[in-house]
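If you're matching them up, the sequences are chains R and L in order.
Sequential numbering of the first sequence, starting at 1, is according to the numbering used here.
Sequential numbering of the second sequence, starting at 230, is according to the numbering used here.
It should be emphasised that the hints constitute simulated quantities derived from the structure, not laboratory data.
Heads up, the beta-carbon is just placed ideally off N, CA and C, and yes, glycines get one too.
Some hints here could point you the wrong way.
Stated by the list, open to error - Computed cross-link-like contacts, SDA-like style, restricted to lysine to any residue with a CA-CA straight-line distance of at most 25 Å:
id, chain 1, residue 1, chain 2, residue 2
1, L, LYS376, R, LYS147
2, R, LYS147, L, ALA365
3, R, LYS157, L, GLU368
Unchecked claim - Stretch-level coverage of chain L by chain R, calculated; a stretch enters the list once three of its residues show a Cβ under 8 Å from a Cβ in chain R:
id, segment
4, 264–277
5, 361–372
What the hints assert, rightly or not - For each label pair, taking beta carbons as the anchor points, the in silico distance ranges come out as:
id, chain 1, residue 1, chain 2, residue 2, range
6, R, PRO219, L, ARG258, 37 to 43 Å
7, R, GLN35, L, GLU362, 38 to 44 Å
8, R, HIS34, L, GLU442, 30 to 36 Å
9, R, ARG61, L, HIS247, 29 to 35 Å
10, L, ILE351, R, THR194, 55 to 61 Å
11, R, ARG61, L, GLU442, 40 to 46 Å
12, R, THR193, L, ILE351, 55 to 61 Å
2 protein chains.
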Amino acid sequence: MLLSGGLDSATVLAIARHQGFIPCTISFRYGQRHQRELDAARRIADAAGVRDQVVLDIDLRAFGGSALTSDLPVPKGRGTDEMSVGIPSTYVPARNTIFLSLALAWAEVLDSTDIFAGMNAIDYSGYPDCRPEYIAAFERMANLATKAGVEGTRPLKIHTPLIAWSKAEIIRRGLSLGVDYGLTHSCYDPDLTTGAACGECDSCQLRLKGFAENGISDPVPYRVRSPRG
Amino acid sequence: MLLSGGLDSATVLAIARHQGFIPCTISFRYGQRHQRELDAARRIADAAGVRDQVVLDIDLRAFGGSALTSDLPVPKGRGTDEMSVGIPSTYVPARNTIFLSLALAWAEVLDSTDIFAGMNAIDYSGYPDCRPEYIAAFERMANLATKAGVEGTRPLKIHTPLIAWSKAEIIRRGLSLGVDYGLTHSCYDPDLTTGAACGECDSCQLRLKGFAENGISDPVPYRVRSPRG
């Protein structure tokens with residue numbers, strides 16, 4: 001499964017385990033502005049007792065083109081309504097396709113036919129590669145790409161259990177499964193010294209709103225406590 | 230376009246230029262046993278005057294599982310009939326999917342809607358990710374994955390001009406377009422000192438047969454001159 005270290009993938013990990021899978025996690029060092037995400041991924045996987053954890057280096061900065069991997073400013077304080085319009089500058093070209101392709105390679109080596117990922121079409125409606133029709137097309141391609149497709153064994157399945165859930169629903173499900181969201185990291189622009197979240201980027205706003213709708217506080221520290229929190 | 234440094238991708242580069250495209254090339258340092266391929270890719274791109282050349286590091290050895298990226302023996306002297314049966318140990322899990330996904334990311338940054346690649350379903354019939362139905366599924370997925378798919382601009386096209394050609398046909402076409410095959414490298418197991426090809430691995434045998442069928446000699450040096458050459 002793809003493990004970013006964020007709230008969504010931490011929830012997916014708990015769901016996969018609850019369904020009886022023994023997850024192996026893959027995370028990427030892809031030229032993010034900071035390494036907090038990867039630290040969080042390791043903490044989350046360790047807490048869940050994941051034995052096979054891979055961190056793959058892949059420098060997407062070679063291509064440029066996104067606020068998450070270059071020096072473009074991260075959008076702040078847009079409000080969650082504004083986020084759903086158009087493709088945000090934090091969209092990394094073909095990122096989910098690259099990540100799922102690498103997970104596919106590892107799944108084939110592991111003889112696994114199940115890939116879990118935290119794509120979500122509600123909060124990230126501006127990202128083309130978070131839509132259900134994209135996931136279905138990737139799954140179809142993946143079944144033609146691999147030995148399973150030739151040898152006619154059990155078909156590969158891309159599981160995206162969060163795809164139609166709001167952030168509040170994701171958090172509710174995760175809490176019911178015992179996820180410790182204090183281990184997660186979502187902010188696009190954290191304080192580089194303390195790791196505190198900014199509270200203002202799209203990711204922080206969605207997260208704070210999700211906790212607020214559940215009537216609880218987000219356990220991670222914020223640099224500027226948003227009024228929404 | 231994907232440029233491996235082999236005979237096929239050198240031919241694709243010439244075809245793309247002949248069709249009026251201004252190619253940008255992407256090659257991968259993916260844990261190959263040797264760097265000869267990448268040296269050849271640079272020579273080929275330089276000879277064609279390619280300005281934008283990217284070499285991306287991506288260590289597929291993290292996954293294991295293939296003779297081309299680990300210490301499994303490279304199959305030798307199988308004969309070209311035997312090659313077309315089953316999936317060979319030199320198959321790298323999901324390799325073409327990973328490479329095309331990375332090309333897709335770069336294409337999106339470059340605002341290009343055309344990706345060229347040298348997949349071939351004749352010589353590599355044992356590789357699931359060289360089949361036309363796989364390429365079609367990738368193209369469909371790619372159009373859903375990217376901004377083009379959301380914004381409804383010109384759809385992305387995956388060009389695989391060699392897909393139905395024999396090696397002899399590929400070489401004939403390349404020669405007619407002035408490709409210098411002396412710049413290319415195909416061998417899976419070259420002499421690490423001289424770079425001479427082994428003449429016995431699947432890739433060498435296919436290549437030697439292709440030149441022989443055109444009634445000419447392969448311009449690259451061989452360590453052991455195969456009787457087929």
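Evaluated hints:
A hinted pair counts as satisfied when its Cα atoms are at most 25 Å apart, and LYS376(L) with LYS147(R) does not qualify at roughly 30 Å. Distance check on the hinted pair: LYS147(R) and ALA365(L) sit about 17 Å apart at the alpha-carbon level, within 25 Å; holds. Straight-line distance between C-alpha atoms of LYS157(R) and GLU368(L) comes to about 19 Å, which keeps the hinted pair within the 25 Å bound. For the segment 264–277 of chain L, the proposed coverage by chain R is not satisfied: 0 residues have a C-beta within less than 8 Å of a C-beta in that chain, short of the threshold of three.
Coverage of the segment 361–372 of chain L by chain R holds in this model, with 7 residues showing a Cβ closer than 8 Å to a Cβ of that chain against a need of three. For the pair PRO219(R) and ARG258(L), the supplied restraint of 37 to 43 Å holds, since their beta-carbon distance comes to about 41 Å. Hint check: GLN35(R) to GLU362(L), Cβ distance near 40 Å, so the stated range 38 to 44 Å holds. Taken as a hint, the range 30 to 36 Å is violated for the pair HIS34(R) and GLU442(L), whose Cβ atoms sit roughly 56 Å apart.
At roughly 33 Å, the beta carbons of ARG61(R) and HIS247(L) sit within the given window of 29 to 35 Å. Our hint of 55 to 61 Å for ILE351(L) and THR194(R) holds, since their Cβ atoms are close to 59 Å apart. Take ARG61(R) and GLU442(L): their Cβ atoms lie about 45 Å apart, and the range 40 to 46 Å holds. Remark: the range hint 55 to 61 Å for THR193(R) to ILE351(L) is upheld by a beta-carbon distance near 58 Å.
Violated hints, listed in ascending order, are 1, 4 and 8; each of the other numbered hints is respected by the structure.
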